[in-house]
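**Student:** So the chains spell out like this:
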Amino acid sequence: MNPQKLPQSSFWNDTGKTGITSWIFSTDHKRIGLLYFYSVLGFFLIAVCLGLLLRIELMAPGRTIMGPQTYNALFTVHGVIMVFLFIIPGFPGAFGNLIMPIQIGARDVAFPRLNLFSWWLYMLGAVIIITALFTGSGPPDTGWTFYVPFSTRTGTNVSLAVFGVFIIGFSSILTGLNFVTTIHRLRAEGMTWTRLPLFVWSLYATAWVQILATPILGITLALVIAERMLGTGLFDAARGGDPIMYQHLFWIYSHPAVYIMILPAMGVISEIIPVFSRKPVFGYKMIAFSSVAIAAAGSLVWGHHMFTSGMSDTAVLVFSFLTFVVAIPSAIKVFNWVSTLYKGSISLEAPMLFALSFLLLFSIGGLTGLILGAAATDIHVHDTQFVVGHFHYVIFGGSGFAFFGAMHYWLPKFYGRRYKEKPALIAWSMMFVGFNITYFCMMVLGMKGMPRRYYDYLPEFAPLNLASTLGSWLLALGLILLLVNLFRGLLRGEPFSGNPWGGATLEWSVATPPPTENFEEEPVVTHGPYDFKSTGIP
Amino acid sequence: MNPALLTTTDAVDPVFKFIIWACVLLLGGITATVIWFAVRYRRSCAPEPTSQVENNFWLETIWIVLPSILVLAMFYYGWAGYLTLRTVPKAALPVTATARMWSWSFSYANGKTSPKLVVPVGKPVVMNLVSSDIIHGFFLPAFRVKRDVVPGMKNHVWFVADKVGSYDLFCSQYCGKGHSAMITTVEAVPEAEFAAWLEHKEAAGGVKKSDGARLAKEKGCLACHSLDGSRGVGPTFKGLYHKQTTVLQNGRKLTMTVDDAYIRESIRFPNAKIVEGFQPIMPSIGDLKDVEVDTLVEFIKEVK
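So the protein lines, in turn, are chains B and X.
The first sequence begins at 1 in my numbering and counts up one residue at a time.
The second sequence begins at 1 in my numbering and counts up one residue at a time.
Do not rely on the hints blindly, as some may be mistaken.
[Stated by the list, open to error] Quick list of in silico lysine-lysine cross-link-like pairs, DSBU-like style, CA-CA up to 30 Å:
{"id": "1", "chain 1": "X", "residue 1": "K243", "chain 2": "X", "residue 2": "K201"}
{"id": "2", "chain 1": "B", "residue 1": "K448", "chain 2": "X", "residue 2": "K301"}
{"id": "3", "chain 1": "X", "residue 1": "K123", "chain 2": "B", "residue 2": "K448"}
{"id": "4", "chain 1": "X", "residue 1": "K112", "chain 2": "X", "residue 2": "K301"}
[Stated by the list, open to error] In silico negatives: residues of chain B with every beta carbon more than 10 Å from chain X:
{"id": "5", "residue": "L160"}
{"id": "6", "residue": "L186"}
{"id": "7", "residue": "M430"}
{"id": "8", "residue": "E522"}
[Said to hold, decoys possible] Computed beta-carbon distance windows for the label pairs:
{"id": "9", "chain 1": "X", "residue 1": "T245", "chain 2": "B", "residue 2": "G233", "range": "23 to 31 Å"}
{"id": "10", "chain 1": "X", "residue 1": "A195", "chain 2": "B", "residue 2": "T232", "range": "46 to 54 Å"}
{"id": "11", "chain 1": "X", "residue 1": "L25", "chain 2": "B", "residue 2": "L212", "range": "32 to 40 Å"}
Quick caveat, the hints were computed from the structure, so don't treat them as lab data.
Just so it is clear, the structure is predicted and the values come from calculations on it, not from any experiment.
Beta carbons are placed, not taken as given, at the ideal position from N, Cα and C, and that holds for glycine.
For reference, chain B alone in the conformation it holds in the complex (with noise of 0.2 Å):
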């Protein structure tokens, strides 16, 4: 397999243990890292094979390649899969494991063994929810939010399903505390709180949210559990429960949800930004308190998912109100992301490619939010095609390429080897082009009033959806390029050592790949995380 050999030992085999067993019982956070990372990457390709069926159904009005219910269980499979198993574990799960640890100057998290408990968890999770797919009558077809009375009426396998989620929560709570612990307690000597890297802050910021939201989301899935299995009748209006009750538990949760699938992917750009612009970050206080910011005002915000429920005016008045303060400290990242490319010495490799199209995208997905969060233009785009496009512009171009830019960034470091420059560029361009033909489309057809998880549509939608679906085909090619290219190189391509980037973070001191025990002595920091001129770095 390798044409020339490792330099070095490293994590792979300097504990002489190797085989299945070193890697799913390795309390190791670098191993964990990449149990998290193939695991979440086995699932996104899964729930991208169902997102792109979707598209094919919906490439013609009327029926195409499935029934109704075929289509309306898939969409439930997708949201649930890229939400629950992909993008809220992925970045605290796979490069959180990966890289916090070393880049605060640590040996391992805190509770090393919890961390592998976390994974097993969230493999339970995931278990349970593919075999609620495959047994009971039929996989869900509630949608990923599972609203209830249809959620609680549904003939469908919704309870095992949801039960799999709420097993996922605790992996979440229990990484949540692991990290938070860990960067209280494991700093390194001179890591001080304003030399955390920004992929640390934006982890500890995510953390908090993970500890303290998640506990909602279980409670409200045990209750529709209750109700299904027991006839609690808690959301049911006809024996004096309240379905809209249902909706403010869940959102309470879910809306803080998004910010645990975005504010890891701000930290990793905030990482990849400096390095390849050779300046230091621009404003570094100001991100790292607009995480916070971010953390804490999100968590104020779900009502806004609402507006067309029945909710009261003031209840209206009040969460549009606090969605516009919450955009604000997001703005003022992108600016100073902005700012730090002013007068640097900037290299468009593949990493920063993927940054510098996450700041396009996901403007476009906070820009579009303002139309949603203004009262009187979300009744309107409520609850169709354009909020679909919205949030993918955020999480899939958001989180989705930031994951990509990592992948790209850090993975080598991992094994030694890199991929090929020019077909990950070529990959970036289809990806980034199919990308924005597949969502903007869906954008201008909430505009033009389809609503969303509509399995068929009227004539006038038509070219739009088509457009729509060869865009998805696009990007799909993109990605294909994108992992084979990636997969070949760490495998099989150049080696990859020293410090080929330029970064003056921790990781970039340690060797390639890491040895088990990461650093051969304690580390001592003397200076900031973006100090490119002291640190000697070209």
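Place chain X on chain B using the hints.
**Tutor:** Frame of chain B, contents of chain X only:
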């Protein structure tokens, strides 16, 4: 029509224009700056960074304050437009919209019901939204209005059609298999024509036997019960009459033959007996007249 009357579209579209233009300008500015910097300071052109600036108090203050003012303007403008949507004009014509899986029914003050929403041009209409099963969404894209139809909750929405025409009415809240087929139209007609339509009664003798097929479609039966034997959300009508079937009554299994009384009971009280293998999700259609039930029973008997 009254020229001073503000339509819901008039209230919302200026807000769209304002926010979209502000977004286009911001996005254009950000994109242009990123591309300009990436070209101007590319490594082949700028081998070394020419600045290591880490912050600038005034610059950062400006880009906190200016966006704050901009988004607060958006918030205020959006709220003002929303208030118009929520303030029902006096003398609005009340119509009750009943949503069920997966059809709409509209009933007027004089008892007239219709599967299409017929409204007079130039006169505001206030819709009282009633759900007979789960949450649906009343959505009129042409008038920029939408409101969820929540069981057990009194929701309303108003709009006014300022031109004669036919406009799409969608269900916006996902409600299962027939969600995307839960479509009807708003027919905006001149006031005199509307008055005539509203007073028009069905031909003498009420519902005719041949109306069964039309009723089954209009009342939404066919969304779940097929005519060709295929399995839907509910049992097919094909060959149903005189068929041996197993039902659950109060949790007990019961084998019985489908007869007139059973069909009638299942229309009026859908959850009294549930056919084995199906879910108790059928709503009772409250606005069905006895003669309509009879017609439906006759119709179902004939589907072979």
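**Student:** Hint by hint, note whether the structure agrees.
**Tutor:** Evaluation of the provided hints:
| no. | hint | in the structure |
| --- | --- | --- |
| 1 | X:K243 - X:K201 | 37 Å, violated |
| 2 | B:K448 - X:K301 | 43 Å, violated |
| 3 | X:K123 - B:K448 | 25 Å, holds |
| 4 | X:K112 - X:K301 | 27 Å, holds |
| 5 | L160 | 17 Å, holds |
| 6 | L186 | 27 Å, holds |
| 7 | M430 | 19 Å, holds |
| 8 | E522 | 28 Å, holds |
| 9 | X:T245 - B:G233: 23 to 31 Å | 30 Å, holds |
| 10 | X:A195 - B:T232: 46 to 54 Å | 49 Å, holds |
| 11 | X:L25 - B:L212: 32 to 40 Å | 37 Å, holds |
Comparing the model with each numbered hint stated earlier shows that hints 1, 2 do not hold.
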